[in-house]
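Enquirer: Line order of the protein sequences matches chains A and B. Oh and the first sequence: position 53 is 98 in our numbering, straight run, nothing missing. Oh and the second sequence: position 162 is 207 in our numbering, straight run, nothing missing.
Hint data in this document are derived by calculation from the structure and do not stem from the laboratory. A portion of the hints provided could be inaccurate.
It does not matter which identical chain is meant; a pair holds if it fits inside one copy or across any two.
[Unchecked claim] Cross-link-like lysine to any residue pairs, in silico, SDA-like; alpha carbons within 25 Å at most:
(1) K218 - K322
(2) K225 - R263
(3) K135 - F107
(4) K225 - R252
(5) K322 - D250
(6) K289 - A310
(7) K314 - D292
(8) K249 - D309
Single-letter residue listing:
2 protein chains.
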Amino acid sequence: MEWISKSNVLIVGLGLMGGSYAKAFKRFGYHVMAIDKKKESIEFALENKIIDEGSTEVKKEFVGKADTVIFALYPEVFKKWIKDYQNFFKKDIFITDVTGVKSAVVYDIQDILRPDVEFIASHPMAGREVYGVQNSDDRIFLNANFIVTPTEKNTKKAIEWCSSLGRVLGCRKISILSPKEHDEMIGYVSQLTHVIAVSLMTCKDNRHLVDYTGDSFRDLTRIARINEKMWSELFLMNKDVLLKEMDEFIAEMGTMRDLLAKEDAEGMKEKMKISTKRRGWFDK
Amino acid sequence: MEWISKSNVLIVGLGLMGGSYAKAFKRFGYHVMAIDKKKESIEFALENKIIDEGSTEVKKEFVGKADTVIFALYPEVFKKWIKDYQNFFKKDIFITDVTGVKSAVVYDIQDILRPDVEFIASHPMAGREVYGVQNSDDRIFLNANFIVTPTEKNTKKAIEWCSSLGRVLGCRKISILSPKEHDEMIGYVSQLTHVIAVSLMTCKDNRHLVDYTGDSFRDLTRIARINEKMWSELFLMNKDVLLKEMDEFIAEMGTMRDLLAKEDAEGMKEKMKISTKRRGWFDK
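With the rest of the complex left out, here is chain A (with noise of 0.2 Å):
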């Protein structure tokens, strides 16, 4: 396999994502190399083993060593890197992502990327609600799926090689969409959830309740801790897509909020009926 034979990986932006990538590649034994503009971040990830040789600056002698490079940078961040740096990168090689939204990002990136270098797109659909390559940790992507999203100007062997990436992550399940499906499932399953769990917190002060929450509450807001820097732009590039899920779910709340106001009891409960049958199919 194309991926087995590269040995030296280059992991560009070493937080909590990029850190948990180094993790699992070193387990795998290959060469493993980070840049990241924290220099902290590097001396830790060279102290624990987490990678091989790291770097806070970007250079030509640095890049050009890579045969394959992870970017774990913000979207806008990534776009820029590619416009700076492209032409350090070897010939031939495979990129590829983590970025939670894609329509936004992979047409760009693809556009302005040299010929020579496929960018093939993918997400992890792990993570944790804390930050840094100081809790990074490979066993996140255990239970996770992976979501490889190619374009037209991607070639089959950038989709092997991408899929056997989710599985040397460890990844439960490597799953082939468009980035427009991609996104769309993203908006549900992920934003618009976060959405909910933010809007729950914001909603009210809630403090004198604290000691009143049980499991449920502590489970369903898990999530409305959460990175504000990412997460804006996140909703941001997928803002079409949010919008519509947003509706989607606002108006269902409000269908609930009427049944209960006309005191519908036979329509809360048809409600119910379908919510329970629904969730029976997201068991694990």
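Keeping the supplied structure of chain A fixed, place chain B upon it in accordance with the hints.
Expert: Below, chain B alone, put in the same frame as chain A:
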């Protein structure tokens, strides 16, 4: 303590909650009796030594032995039971319940109850998404809050007795709230969260997304598997509070929607910062 000297505990309604109470009482050495119209529930509980005595009918000689009675019935059934059978009670006993809403139950019961029996309402904030004495488990109380909701009619002695009941169950924290305070709290932390989980399930056909959901979606929708008979009744009995909570939440979702539509990144970030800060209060 008054509670310790009582010996015969009668549980009316031997489902998940009633059975879990029975197990906790047995652990402390009480003589546990139960009434349930389902023969198989009584038989199961006797065979598995969850109770010492059981009956599928309400008989004076059986009810009259009880030094304490716990009602684990649906609210409307509970009220009818008191009307029909309260003359069977031994005099000078305390009775309590497990009902998830209070204002719509407590005053009605206290109004109709004979003067030599005291009803002190309580709510163990514990449960599971499964039903029946077969699934009962007294460990559900170990991390739970136990709320005692006295009215002006209740005596200090009854409030203390009911608080000690929470300790017998093993609840983590025992609180005293007025029925109104209880219902406002439960409207937000429990009922609103259930409406949200249901609406997320019913707002669109999501079966094709089953393969792509992660833990956060599953956590958020765990309570979307819901007992429609019980919850629709609880919603209706707390209608005014729940409508207010739903309106506040729907308005906040609308605000988030407008921030996104306007591409107001700073406004979204501000909401997320508040959310993160508030969610921090709820960590155990």
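Enquirer: So, for every hint listed, does it hold in this structure?
Expert: Verification of the hints:
Taking the closest pair of Cα atoms, K218 and K322 come within 25 Å of each other only inside a single copy of the chain (24 Å); across copies the shortest separation is 34 Å, beyond that limit. Proximity of K225 to R263 under the C-alpha cut-off of 25 Å is restricted to the inter-copy arrangement: shortest distance 23 Å between copies versus 32 Å within a copy. For a Cα distance limit of 25 Å, the shortest separation of K135 from F107 inside one copy, 10 Å, qualifies, whereas the shortest one across copies, 86 Å, does not. In this homomeric assembly, K225 and R252 come within 25 Å of each other (Cα to Cα) only across copies, at 18 Å, whereas the closest approach inside a single copy is 40 Å.
In this assembly of identical chains, the alpha carbons of K322 and D250 lie at most 25 Å apart only when taken from different copies (11 Å versus 34 Å within one copy). Taking the closest pair of Cα atoms, K289 and A310 come within 25 Å of each other only across two copies (18 Å); inside a single copy the shortest separation is 29 Å, beyond that limit. Taking the shortest Cα distances, K314 and D292 sit within 25 Å of each other both inside one copy (23 Å) and across copies (20 Å). Taking identical chains as interchangeable, the C-alpha atoms of K249 and D309 lie at most 25 Å apart only when they sit on different chains, with a minimum of 21 Å there against 27 Å within one chain.
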